[in-house]
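Student: Given next are the chains, with one letter for each unit.
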Amino acid sequence: MSLAAQGIDTGDTAWLLAATALVLLMTPGLALFYGGMVRTKSVLNMLMMSFVSIALVTVVWLVAGYSLAFGDDSFGGLIGNLEHAGMSGLGPGSVHGTVPTLLFATFQLTFAIITAALISGAIADRAKFGAWLVFVPVWALLVYVPVAHWVWGPGGWVLDRLGALDFAGGLPVEITSGASGLALALVLGPRLGFKKDAMRPHNLPMVVLGAGLLWFGWFGFNAGSALGANGLAAAAFLNTLAAGCTGLLGWLFVEQKRDGHPTTLGAASGAVAGLVAITPSCGSVSLLGALVVGLAAGVVCSYAVGWKFRLNYDDSLDVVGVHLVGGVIGTLLIGVFAEKAMTGGAEGLLYGGGLAQLGRQLVAVVAVGAYAFLMTYGIGKLIDKVMGFRADEEHEHTGLDLTVHAETAYDHGVLGHGAPVGASPVPSAQKVKTQA
Amino acid sequence: MKLITAIVKPYRLDEVKTALQEIGVQGLTATEASGYGRQRGHTEVYRGAEYQVDLVPKVRIEVVVDDADADAVIDTIVKAARTGKIGDGKVWALPVETVVRVRTGERGPDAL
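If you read the sequences in order, they're chains A and B. Positions 1 to 436 (the UniProt record's numbering) are the ones given, in order, by the first sequence. Positions 1 to 112 (the UniProt record's numbering) are the ones given, in order, by the second sequence.
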């Protein structure tokens, strides 16, 4: 039997192949976005936390994650089964909708990867790298996979039973990463010098490059979630552009009014906040809705990033302020701006659907946020108890680049190649030779 | 001999260098420096969080000259570095005991 006879659409498949590569590019983009915001002494560590997530989550996903998230429901819409553990039973001929199942599984994998990587921004500059290597796979299996099943899995309780809407991952990606980031920030505690030392972003051009790559990849994330090359993908694509733009403008507007200066970091953050908020809603809201969703996220998130200073949690790179808050805004506003032409049924408050959809969205937001926070807090505490999650104080002062990775990102001068005063400039290969 | 040290605004370095060349000063050393005087630092804002940056970037210029030339060199530096605005910097001079030219071993004023 030919593949076409089994229902594979080549147009849909071609688009999803491209979209999958686009989403994967978001994680290196995120690494640059985050890397530019930390200080020079820990930028490589920041990049590594994202980069290594690609490898860790991929292994977990293929071994069991995909099957538990997208296998047939095994218990009350809460978790899938292990039928496809190790991707067993799936081959080039397997079909999901109109695309190969292996492609669908890979597309979903790229979402799991970036969600894990997003959390790292909440614990910048101070996490033990070994603990992160343990945390990511455990977290992916116990937090991301169940939530992905609730929302997108066959028979999952959030979409299939409750009737909430989430097109591209406001719940599994944005709210889950934000709530998990908050939990880990609390487990690890604030960076040394939090609220006392100036912790300025060391490379804003890098932040803008990262934001640009994120935005580019986000078209794969959102328009790819249509799982086909069709009108819905086009609508999601345009909504994604629109919300990123109003998010950017909203954030800059607040900065101009509040701080007196429109900043580069604000523009990059505002675009990302708008993109976060349109993620769940890009497949259900009108264009007018997309403009409002993005604007609301840009404005609200520009204030939300200041909460950490008042409430004393060091969410270093604002995973809570941008992803949790933006994700909640976007997921809830579906209940206001959902229109029938997009959803095929459900309608929001503004289009005559009453409060019903808003209520369903609220239940989903609270359940997913609470689950992600509590589970991550538990996992974080356990890892902290067993092996310690917080880096050694001396390492944190010196910077994790040198102490963990034995590298420095930049050659600052002729004396020590960026190493602290007193460090030997002799390459270790030479050292080994003289010792032998 | 005198060691003349000048702390000036970084963008005045070229003016000072040219002016010193014109009066025949053979060499100088310039170092990037930071500090503060009457000029306050500035404020930077990142995601709404304000950071006060107290130390202002400056350039430190050092020249060793013969006693007889010291006043002329100081006047030249001051004239070239002055913008009339706060933060123009300072110039001071200290006596120097010995100078040696490393290449030839010459000592004292001959080494200048």
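Simulated from the structure, these hints should not be mistaken for laboratory data. Any given hint might turn out to be false.
[To be verified] Selected chain B positions facing chain A (in silico; Cβ < 8 Å):
| hint | residue |
| --- | --- |
| 1 | 47 |
| 2 | 49 |
| 3 | 51 |
[Said to hold, decoys possible] Just so you have them, the derived chain B footprint on chain A, three or more residues with Cβ under 8 Å:
| hint | segment |
| --- | --- |
| 4 | 221–229 |
| 5 | 252–259 |
| 6 | 264–276 |
All C-beta atoms in this analysis are idealised placements derived from N, C-alpha and C, irrespective of residue type, glycine included.
Student: Next, verify each hint and record whether it holds.
Tutor: Hints, one by one, checked against the model:
1. For the restraint placing residue 47 of chain B at the interface with chain A, the shortest Cβ-Cβ distance is roughly 5 Å, inside the 8 Å limit, so the hint holds.
2. A distance limit of 8 Å between C-beta atoms decides the matter here; for residue 49 of chain B the minimum to chain A is near 7 Å, and the interface restraint holds.
3. Using the Cβ-Cβ criterion of 8 Å, the hint placing residue 51 of chain B at the interface with chain A is satisfied: the shortest such distance is roughly 4 Å.
4. For the segment 221–229 of chain A, the stated coverage by chain B is not satisfied: 0 residues place a CB nearer than 8 Å to a CB of that chain, which falls below the threshold of 3.
5. Counting residues of the segment 252–259 of chain A whose CB falls under 8 Å from any CB of chain B gives 3; the rule of at least 3 is met.
6. Check result for the segment 264–276 of chain A against chain B: holds, 3 residues qualifying (beta carbon to beta carbon below 8 Å, three or more required).
In this structure, only the earlier hint numbered 4 is contradicted, and the remaining ones agree with it.
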